[in-house]
Amino acid sequence: MLPYPLLSASLVLMWLALNGFTLGHLILGSIVAVFTSWGMASLRPAKPRMPKWYLLPKLVAIVLYDIVRSNIAVASILVAGRGKRFKSGFITVPLDLQSPTALAVLAVVVTSTPGTAWLEYNSLSRTVLIHVLDLVDEAEWQALIKGRYEALLMEIFE
Amino acid sequence: MSTIEHAADLPAWAALAVSFFLVIGAGLTLIGTIGFVRLPTFYERIHAPTLGTSWGTGGIVMASMIFFTVLSTRLVVHEILIGIFVTVTTPVTLMLLARATLHRDRVEGNPGVPGEAPAETGEGDGAAAGAD
Amino acid sequence: MSQMILSWSMMFAQVCLVVAMALAALRMSRGPRAQDRVLALDTLYVNSMLLLMVFGIRTGKVIYFEASLVIGMLGFVATVALAKFLMRGEVIE
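Protein chains in written order, with the numbering used here: chain W, 1 to 158; chain S, 1 to 132; chain C, 1 to 93.
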């Protein structure tokens, strides 16, 4: 009946949020959610696994804190402008993550923190190319991504 | 400059909080766009709009949520949807654009771009691009 | 007093966002390459979305939030299609 319960639940919630919380919209949204999850099931059979989903709030807290911190850092770089020199560059980071969902979450985290941008993932050598705006020490950035995000994502998804 | 009529019974602390978040959000967006105009290469410029999409959007969403929750004129859900939507879609567009740019730079043989399929770890030094 | 601060900060936010949109348009016209223009278009979309949200707070109407959702969605689809075009040379394969 419901191959993707989380997807269906969030679809119903979004439908109600956009249209108003009434019984009619609850029924209509549920019908839409059920049919969408059937369509989803025929598109992609592999289900994302999240054994330790209760660690997600910790990840969200870490990411929010880092977003605030790097916003301040990038804004000060941009305001200082020409006066203060900064060196930007590419780094490659080897990853041990396997799950596609975890990789997607890591990509969203890396890109949405200002100052780092996820460029491309090489699935053969399992490395990722990241561009860093303020590249002082390459090993430090690699250690940051591996230690701060990847370890936690490994714990959540694998 | 007239005051806003429907905000007449907004308490002072809420008005100050809304003002603070509005100024922070819009200011960070403006700083990001200034950097977008001033930075010299494309790969540096790709960082500038993320200021607007992270705390720029976050600040204005927070301001709007506080405003309408305190006034309680309607349920606060549209802002959360907008925030989630922007957070999820920005990395997708930036990643696609960056990959397209890498592809184009490699095809044209531009200098300062890491080659196809970075083979081993710790190879980034030689390929790192300078600041300008 | 707080009402004055509120209305002035709304004015400030609107001016900031309009200037940001003008700067993005400047980058779009200046280029120098196609990917810069696409990124500038994406920035323009996000900024206009934020401007509509500030309008929504200012007028207290829900319709502006619907509009900004639609603009955000259109901007996303447009940028993805343009990036795909830059990558392959055609949108539909």
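Among the clues, some could well be false.
Under 10 Å between C-beta atoms, here's a sample of chain W residues computed to sit facing chain S [as the list claims (entries may be wrong)]:
1. 9
2. 11
3. 13
4. 34
5. 61
6. 64
7. 70
8. 74
9. 90
10. 107
11. 108
12. 113
13. 120
14. 131
15. 136
FYI, nobody ran anything at the bench for these hints, they're computed from the structure. Computed from a predicted structure; not experimentally measured. We treat Cβ as the ideally placed atom computed from N, Cα and C, and that holds for glycine.
Hints and how they fare:
Because the smallest distance between the Cβ of residue 9/W and any Cβ of chain S comes to about 15 Å, over 10 Å, the interface hint for this residue is violated. Taking 10 Å as the C-beta cut-off, the interface hint given for residue 11/W is violated, the closest approach to chain S being about 12 Å. Checking residue 13/W against chain S: minimum C-beta separation of about 9 Å stays under 10 Å; hint holds. For the restraint placing residue 34/W at the interface with chain S, the shortest Cβ-Cβ distance is roughly 21 Å, beyond the 10 Å limit, so the hint is violated.
Restraint check, residue 61/W versus chain S: the minimum CB separation of about 15 Å is more than 10 Å; hint violated. The interface hint given for residue 64/W is met, as the beta carbon of that residue sits about 9 Å from the closest beta carbon of chain S, less than 10 Å. Contact between residue 70/W and chain S, as hinted, is supported at the beta carbon level, the nearest pair being about 8 Å apart and thus within 10 Å. With its C-beta approaching chain S no nearer than about 6 Å, residue 74/W sits inside the 10 Å limit, and its interface hint holds.
At its closest, the beta carbon of residue 90/W sits 5 Å from a beta carbon of chain S; the interface hint therefore holds under the 10 Å criterion. With a least beta-carbon distance of about 6 Å to chain S, the hint placing residue 107/W at the interface is held under the 10 Å criterion. Hint status for residue 108/W relative to chain S: holds, with the closest Cβ pair at about 5 Å, below 10 Å. Of the supplied interface hints, the one on residue 113/W holds, with its beta-carbon coming within about 7 Å of a beta-carbon of chain S, less than 10 Å.
A cut of 10 Å between beta carbons decides the hint on residue 120/W: the least distance to chain S is about 5 Å, and the hint holds. Here the hint on residue 131/W is kept, as its CB sits about 5 Å from the closest CB of chain S, short of 10 Å. Checking residue 136/W against chain S: minimum C-beta separation of about 12 Å lies over 10 Å; hint violated.
Hints 1, 2, 4, 5 and 15 from the list above are not met by this structure, while the remaining hints are.
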